[in-house]
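Q: Residue numbers (our numbering), protein chains in the order written: chain C, 1 to 180; chain W, 1 to 502.
It should be emphasised that the hints constitute simulated quantities derived from the structure, not laboratory data. Wrong hints could be hidden among the right ones.
Stated by the list, open to error - One side of the interface only, derived from the structure: several residues of chain C facing chain W at Cβ under 7 Å:
#: 1; residue: G42
#: 2; residue: L43
#: 3; residue: S52
#: 4; residue: G77
#: 5; residue: M88
#: 6; residue: H127
#: 7; residue: N131
As the list claims (entries may be wrong) - In silico DSS-like cross-links for lysine-lysine, where the CA-CA straight-line distance does not exceed 27 Å:
#: 8; chain 1: C; residue 1: K23; chain 2: C; residue 2: K134
#: 9; chain 1: C; residue 1: K134; chain 2: C; residue 2: K121
#: 10; chain 1: C; residue 1: K50; chain 2: W; residue 2: K128
#: 11; chain 1: W; residue 1: K56; chain 2: W; residue 2: K221
#: 12; chain 1: W; residue 1: K48; chain 2: W; residue 2: K128
#: 13; chain 1: C; residue 1: K121; chain 2: C; residue 2: K53
#: 14; chain 1: C; residue 1: K31; chain 2: C; residue 2: K3
#: 15; chain 1: C; residue 1: K3; chain 2: C; residue 2: K121
#: 16; chain 1: C; residue 1: K50; chain 2: C; residue 2: K22
#: 17; chain 1: W; residue 1: K126; chain 2: W; residue 2: K491
#: 18; chain 1: W; residue 1: K56; chain 2: W; residue 2: K229
#: 19; chain 1: W; residue 1: K23; chain 2: C; residue 2: K134
#: 20; chain 1: C; residue 1: K3; chain 2: C; residue 2: K50
#: 21; chain 1: W; residue 1: K48; chain 2: W; residue 2: K126
#: 22; chain 1: C; residue 1: K134; chain 2: W; residue 2: K491
#: 23; chain 1: C; residue 1: K53; chain 2: C; residue 2: K22
#: 24; chain 1: W; residue 1: K56; chain 2: W; residue 2: K227
#: 25; chain 1: W; residue 1: K128; chain 2: C; residue 2: K53
#: 26; chain 1: C; residue 1: K31; chain 2: C; residue 2: K50
#: 27; chain 1: C; residue 1: K23; chain 2: C; residue 2: K53
#: 28; chain 1: C; residue 1: K31; chain 2: C; residue 2: K121
#: 29; chain 1: C; residue 1: K53; chain 2: W; residue 2: K221
#: 30; chain 1: C; residue 1: K3; chain 2: C; residue 2: K23
#: 31; chain 1: W; residue 1: K491; chain 2: C; residue 2: K22
#: 32; chain 1: C; residue 1: K23; chain 2: W; residue 2: K491
#: 33; chain 1: C; residue 1: K134; chain 2: W; residue 2: K48
#: 34; chain 1: C; residue 1: K134; chain 2: W; residue 2: K345
#: 35; chain 1: C; residue 1: K50; chain 2: W; residue 2: K126
#: 36; chain 1: C; residue 1: K22; chain 2: C; residue 2: K134
#: 37; chain 1: C; residue 1: K31; chain 2: C; residue 2: K53
What you are looking at is a predicted structure, and each value in this text was computed from that prediction instead of being measured. Just so it is clear, CB atoms sit at the ideal spot from N, CA and C, and this is done for glycine as well.
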Amino acid sequence: MSKTYGILALFESAPAIYQAAKKVRSAGYTKWDVFTPFPVHGLDGAMGIKRSKVPVFTFIGGLMGFTLGMTIVWYMGYLDYPLIVGGMPYYSPVFPFPVAYELTILLAAFGTLIGMFTLNKLPMHYHPVMNYEKFRHLTDDKFAVVIEAEDELFNESEVRELFAGLHPTEITVITEEEKA
Amino acid sequence: MSHSSNPSDAAVGHHGAAAAVLKEVRPANMPRRPIVENNRDFAWITDKVCGIAEGKTPRWWWIAFIMSCMIASFTLFGLIYLVSTGVGVWGLRSPIMWGWAIVNFVFWIGIGHAGTLISAILCLLKQKWRTSINRAAEAMTIFAVACAGIFPLFHVGRVWFAWWLFPIPNHNAIWPNFRSPLEWDVFAVSTYGTVSLLFWYMGMIPDLATMRDRTRMVFEKRYAEAKTKTAQAFERFFFTFRQYFYGILAMGWRGSNRHWSNYEMAYLLLAGLSTPLVLSVHTVVSFDFAVSHLPGWHATIFPPYFVAGAIFSGFGMVLTLMLPLRALFGLQDLITQYHIDCMCKICLATGTMVGYAYAAEFFIAWYGANAFEGFAFVNRAFGQYAWAYWIMITCNVISPQFFWTRWGRENLWFVWILSIFINIGMWFERFVITVTSLANDFLPANWDYYSPTAVDIFTFFGTFGLFSVLFLLFIRFLPLLAFAEIKSVTKQADAHAHGEHH
Numbered sequence: 001m002s003k004t005y006g007i008l009a010l011f012e013s014a015p016a017i018y019q020a021a022k023k024v025r026s027a028g029y030t031k032w033d034v035f036t037p038f039p040v041h042g043l044d045g046a047m048g049i050k051r052s053k054v055p056v057f058t059f060i061g062g063l064m065g066f067t068l069g070m071t072i073v074w075y076m077g078y079l080d081y082p083l084i085v086g087g088m089p090y091y092s093p094v095f096p097f098p099v100a101y102e103l104t105i106l107l108a109a110f111g112t113l114i115g116m117f118t119l120n121k122l123p124m125h126y127h128p129v130m131n132y133e134k135f136r137h138l139t140d141d142k143f144a145v146v147i148e149a150e151d152e153l154f155n156e157s158e159v160r161e162l163f164a165g166l167h168p169t170e171i172t173v174i175t176e177e178e179k180a
Numbered sequence: 001m002s003h004s005s006n007p008s009d010a011a012v013g014h015h016g017a018a019a020a021v022l023k024e025v026r027p028a029n030m031p032r033r034p035i036v037e038n039n040r041d042f043a044w045i046t047d048k049v050c051g052i053a054e055g056k057t058p059r060w061w062w063i064a065f066i067m068s069c070m071i072a073s074f075t076l077f078g079l080i081y082l083v084s085t086g087v088g089v090w091g092l093r094s095p096i097m098w099g100w101a102i103v104n105f106v107f108w109i110g111i112g113h114a115g116t117l118i119s120a121i122l123c124l125l126k127q128k129w130r131t132s133i134n135r136a137a138e139a140m141t142i143f144a145v146a147c148a149g150i151f152p153l154f155h156v157g158r159v160w161f162a163w164w165l166f167p168i169p170n171h172n173a174i175w176p177n178f179r180s181p182l183e184w185d186v187f188a189v190s191t192y193g194t195v196s197l198l199f200w201y202m203g204m205i206p207d208l209a210t211m212r213d214r215t216r217m218v219f220e221k222r223y224a225e226a227k228t229k230t231a232q233a234f235e236r237f238f239f240t241f242r243q244y245f246y247g248i249l250a251m252g253w254r255g256s257n258r259h260w261s262n263y264e265m266a267y268l269l270l271a272g273l274s275t276p277l278v279l280s281v282h283t284v285v286s287f288d289f290a291v292s293h294l295p296g297w298h299a300t301i302f303p304p305y306f307v308a309g310a311i312f313s314g315f316g317m318v319l320t321l322m323l324p325l326r327a328l329f330g331l332q333d334l335i336t337q338y339h340i341d342c343m344c345k346i347c348l349a350t351g352t353m354v355g356y357a358y359a360a361e362f363f364i365a366w367y368g369a370n371a372f373e374g375f376a377f378v379n380r381a382f383g384q385y386a387w388a389y390w391i392m393i394t395c396n397v398i399s400p401q402f403f404w405t406r407w408g409r410e411n412l413w414f415v416w417i418l419s420i421f422i423n424i425g426m427w428f429e430r431f432v433i434t435v436t437s438l439a440n441d442f443l444p445a446n447w448d449y450y451s452p453t454a455v456d457i458f459t460f461f462g463t464f465g466l467f468s469v470l471f472l473l474f475i476r477f478l479p480l481l482a483f484a485e486i487k488s489v490t491k492q493a494d495a496h497a498h499g500e501h502h
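Next comes chain C alone, as it looks inside the complex (with noise of 0.2 Å):
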């Protein structure tokens, strides 16, 4: 059994699916979502998206390569196992700081990128909308806009006619399987 996951709209352009996306957010929906092949200037203005909460990851990440850099020349050089090396302290907040400056680089990019999978609920190898034909053309040269069967407002015969109303090359059903 398939049932339907939501309706997609193609589009040609970039200016088009800016446009597309701006009315399709000022109807109200909030299950929806645009594919585009590249990041369209713009485009999160027109869908009303939020500032991304990456910088939050990045920023733990970054204090933990700190800390963690800080910690470990101490605990080696102070606290484990001292050692004078050319008269020189156990511990100073100088000399490890490079090793913590590079630490707090590695672990924010770790951040970084976990967050954006994370946020991204990637990987994902399988979604809905892969389903679509023209799929393959949404990495490449179309653009699409999907009003999720979820969505609160959804109805199919009102999105067709909101669409229809942007003049997209083409109006289809997206399915998914029924999970047994």
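Knowing the structure of chain C, use the given hints to seat chain W on it.
A: Okay, now just chain W, sitting in the frame of chain C:
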């Protein structure tokens, strides 16, 4: 926000006055050169770039690949000989205990820097032309770091204990010495390699998704062309491989704009993280020298001077790689003369900075009134390694000056040859810095003349093969150009192209 939300108001306000002034001065019409020439559309860009990895393997690729493998075997045998015999097989002897190994290490690390500069610093500076060359340059970074890592790794002598460089508990219960710049280098270079890999991979995800979505189409086309049973079986196997290879690596990317929003933020953040990283890596590498007390090394100018040199050598290498690829794959519309101009100008700027640093070092050596320091520099230019010094000056300071002229930047054979000179010159820079200071230090009784052994030469020669093997594999299997990014800087990607005129 207020600026971008109503630019039309401001424009109208100034319009009358501006028009009156413009009538008087009649400025020349200077249109910006397009990033993608001949108004290519999105589908053309996708086909062009994906086609490189999807078509039949060209014959030159196989020839280059086999040759590169053979060259890489020189490194392999050099290292096997070294490990089985000892570090003495390199030309290291007192007082020159840092020979080609450190020269090659700094050389390769420096080459990597252009990749990060293009992907990170030019991203923060919103230089749109970076999109055509950043992917290949980032790949170059990673492969160059891999080549660089070999040298210090094997220089430690007992390579099976190399893991002691990392703060991992070992049976001696001793930890690394964190006061040493060499230990900082371990962290700097391993972080650099890892973050470059993350950045490169994340940047590739949307392009890998495109290639994943094209696998079936490509299979059908290639299968129809396959004549024999074996060829068909190979196509079926290759199809399965590609489905999994791109499918897994693409992580299920589907081009959702809600994803793009996080992705763009992550990209910006990684660019912001890589910028201080790339500056710190060569700074820490220069600390290996500058923190010592040797005349000619103990200099505060080293960090900026090393970073400028690294960018210079890296752009040299980008030109060396990209000019043949551009011609072989017909990428003239994507890597335009404008891109080459930009790269040449960066070579010119950084090469001149390096030249300024050479001059400043000499001046400070004189002005500092330290006899040993003064000797170190006069000895560099006129001592037993004068030949190396003047090769360095010719290649690094004089050769990029040709890029002042338009002729010098548009004559691509000439640009390519100069880019080779830049690579040679930057290798010699590291040779001059490392060897002259060590060979002639404080006591003349210690002095010696350093020459590499055949093992040194073979091991270094082989790294070019290793680099080429990795780069050729990259060309065949991964998207050579960041085409999603290229699309986003084309004219037709502008969402307001029609909207604003209403």
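Q: Against the earlier hints, flag every one the structure doesn't satisfy and list their numbers going up.
A: 7, 19, 20, 29 and 34
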